[in-house]
Amino acid sequence: MSNVPPVPTLTIGRIREGLRRKEFSAVDVATATLEFAERENPKTNAYLTFSSERALEAANRVDDQIANGEHLGELAGVPLGVKDVIVTKGLRTTCGSHILEHYIPPYDATAVIRLEEEGAIVIGKLNCDEFAMGSSNENSAFGPVRNPAALDRVPGGSSGGSAAAVAQGTCVVSLGSDTGGSIRQPASFCGVVGVTPTYGRVSRYGLAAFASSLDHIGPFGRNVEDAATVLKVMAGRDELDSTSAFATVDDYGPLMKQDIKGLKVGLPKEYFAGLSADTDAIIRAATKKLEDLGCQVNEISLPHTKYAVACYYIICTAEASSNLARYDGVRYTLRSDSDTLSEMYRNTRGAGFGAEVKRRIMLGTYVLSAGYYDAYYLKAQKVRSLIAQDFANAFERVDAIVAPVSPFPAFKIGEKIEDPMSMYLSDIYTITGDLSGVPCMSVPCGQSPDGLPVGLQVFARHFDESTMFRLAWNFEQAMKS
Amino acid sequence: MNFRRKSCPNARALYNQNMSVLAVAEDVLRKYEPVIGLEVHVQLGTKTKIFCGCPVEFGAAPNTNVCPVCLGLPGALPVLSGQAVELAIGAAVALHCRVNPFSRFARKNYFYPDLPKGYQISQYDQPLAEHGYLAIFVDGAKKRIGVTRVHMEDDAGKSIHDGFKDSDRYSYVDLNRSGTPLIEIVSEPDMRNSDDAYAYATAMKQVMQYIGVSECDMEKGQLRCDANVSVRPRGTEKFGTKAEIKNLNSFRFLKMAVDYEIRRQVELIESGGRVEQETRLYNVETGQTVGMRSKEHAHDYRYFPEPDLVPLQVSEHWLHQVKSALPELPQDRRDRFVNEFGLRDYDAEVLTLTRAVGDYFEEAVKASGDGRATANWVVGDLMGLLKAAGKDIADSPVSAANLGELVALINKNELTGKLAKEILPKMFETGDSPRAIMEREGLKQISDTGALEAIIESVLAANPKQVEQYKSGKTAVLGFLVGQVMKASRGQANPGAVNELLRKRLG
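These protein sequences, in sequence, are chains A and B.
Start counting the first sequence at 1; every next residue gets the next number (the numbering used here).
Start counting the second sequence at 1; every next residue gets the next number (the numbering used here).
These are calculated hints, taken from the structure and not from any lab test.
Ideal Cβ positions, reconstructed from N, Cα and C, are used throughout, including at glycine.
Hints may be right or wrong, so weigh each one.
What the hints assert, rightly or not - Listed below are several chain A residues computed to face chain B (Cβ distance under 8 Å; list not exhaustive): (1) Ser213; (2) Glu239; (3) Leu240; (4) Arg326; (5) Tyr345; (6) Tyr377.
Whenever a hint applies, use it, and build me the whole structure from the sequences.
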């Protein structure tokens, strides 16, 4: 056990090597990680639940495989944290909500099954905004997560726990979910890699739905390669999710290590309005670095970007109002007993949901109401097509698009929570990725003068994660030197 | 908490209203033309649920045929059953609908404890199929009732309000039925009285059973129907305001409810009132329809496209496959029976009521070579025997081949009709072939001239008076003598041969 390197330095590659050389066992890694995580977690509140028993069982299986000389999975012995909106059999899954505070799912999400089959070790469940609604992780019913880079600041949201845990080193990789930027923005705020794959790339089976047509499961890692490996393992068609794609999954590892000379990269001018000066400077420096690596960087236009926030908050709230109807007090949720049925619904949902969730359910119910549907929902769907068309047009001329992830770095806890409009507007650069369904990610690209991480957002064509990873990996290597 | 619907608050007022409605005079009633449309829900006869692999089974222990999908657990997603789609397409084709190459599921949102997802997955603006019809026969006249659309959806679970210790305070929910595949068939407002409605519902059930889409067992809720009823002054075009009547769980109640509702609306208009658009519930005990939900309180279902399912695409190829696997439709078969075998309309109708009886008849005709005679035997004697024994044609002890042989034996003069009628019950009892029974019991038509002449001689000797009469020109007495010969032969004599021989003998 003493042979295990400091837990925050572990990567998938380092663990693979250590297991192969018998420097340490999978149980050593799991035990060290659990100890470190349980000790460090109070600083960030990233974990809501630890799963020591499940982790040690899985680690023992890996060690048995090693002892028997069996083939090892791609993620053998790799400590994994799972966002608490992704269900895990027998392991409490709260969705960051009081209404599911004691909910123990009877089944595992497809993504979790695939990762565990390849030897991943589930360490625990990670804090998040309630039902993944939020940009700061302050909407969790179980307290905010703190940014490991600056504990008085938010880690971003909604996958704040997933980003913070990887940054803090309490797991090697983690799963998050992204509906409007919930993976990329916290990755940027915490200084880790976060990937939102193409819509349909990863099965949503077992992801508690927020907005089904926008929800993605994606990985976090401390480097591009780790995140890509996790994606590769869990990606691909799943018969249990009708919207999952049949497209073949590339072997990202070798592909990403090809150089990026001559790669055509677009810089959307709409993404540089309203940007903080610090972030602007960091992103410009990053694009300069891409040019140095041989990319042809040109300004492009994604003209419908200005409608994205309005469009997004209509579609996502509409779908959320329907998706959250099942939390009704009848079956597995909290129930506030009452004399009549409608009172039971009101009391249960009144007590169980937080303010932001209620706000979105009300907005969504309104935009779908008779007489308003055409003006809001239908119009928003049309705008969504235009935004997707913007990307399609751009990708006729460029191979990848780079942009900031967020207009500003991590803000202080409490700074924006009373101002939902300002919070919604902070999603402005990430929601277009979800609306269009293209793959996108955040890769660390520098720090603000006060030491806060800033991420570079990379977009690629539908199902062309390989090009996205190639650009990000080459950039990451260049940042090291 | 108990969430049963509140019972009617003012029974006496309703009773009085009912009585006054009954007072509507027939001539007043005739001033109005009722307009009726039906919405029929049919449970598709699949082995598994529409969006998950749970079995569809009636009467299983509560909440045993369930999984994350039909329980509406967080993270569960629907996957459309191919078998359900094929049955739905079959139903649409049988109703002469145009099957849309591209249709879409939508969420119908409302809260109810037995609706685990908080929405029903149905089809809304782009249904599976549209623009069909169903032919009905009322008083011998054929009429086409338009079918507006056929769409697919999932069923809810069941709320159980009674039978538990704490039923006064709590209701229970059984989700076994949740996710059972249904089609909803919406008719055009083409029906004009309760007989039309009854005939439509009956024909619908017949067609759905016939092509194997559903068993349509109403007691198990496999066929349910709602009626939209309005009235308008005869000769006017504009539809009156309609009321939707729910809870019609038998065709008899459908007819009674429609009749009641027509009278209620006429009475209301005649007394200066106005029909309100509303949902009404049929009360089986009072025979009345009772207001349940007015238009102002109608649900706003907030339909929107179901994002968890991809659009349903039905290719030409798939449609063709389903079509060619469908059996001949009952109406086509009825027409063919009339044309091919020269059957009377009534017989053709009876012989196509179910697929089994039609198949039996055709099988029997293969052996008999005589459609009309076979039809008479099936519709008359055989069905009588089956009814008396409480048996279905599928369980008939008389095989179709044996019945056909019986008819053939008559046509070949090997059996008299009278003998055949004696033999059939024996076939029914034993399952034996007619020949086996004839041989066993020595029942055989006697056509042999020598044997017949011997019988004739003894009959003539015993009836000298009649012989005298015949010879003096009263030839009508021949019938009596033939009868005596038949009697003496225990019905086995060939009546044609007896006739001829008698004539010759009496000169």
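Under 8 Å, Cβ to Cβ, is where A/Tyr345 needs to be relative to chain B, so tell me if that hint holds or is violated.
Hint holds; A/Tyr345 Cβ to chain B Cβ min 6 Å, cut 8 Å.
Does A/Arg326 pass the interface check with chain B, least Cβ-Cβ distance below 8 Å?
5 Å, holds
Interface hint check: A/Ser213, Cβ to nearest Cβ on chain B, cutoff 8 Å. Holds or violated?
4 Å, holds
Per-residue hint verdict: A/Leu240, partner chain B, C-beta under 8 Å:
Status holds, d = 6 Å.
Once the shortest beta carbon distance from A/Tyr377 to chain B is found, is it less than 8 Å?
With a closest approach of 6 Å, the A/Tyr377 hint holds.
Does A/Glu239 hold up as a contact with chain B if the rule is Cβ-Cβ below 8 Å?
Holds - the Cβ of A/Glu239 comes within 8 Å of chain B, reaching about 7 Å at its closest.
The structure fails none of the hints (numbered hints given earlier).
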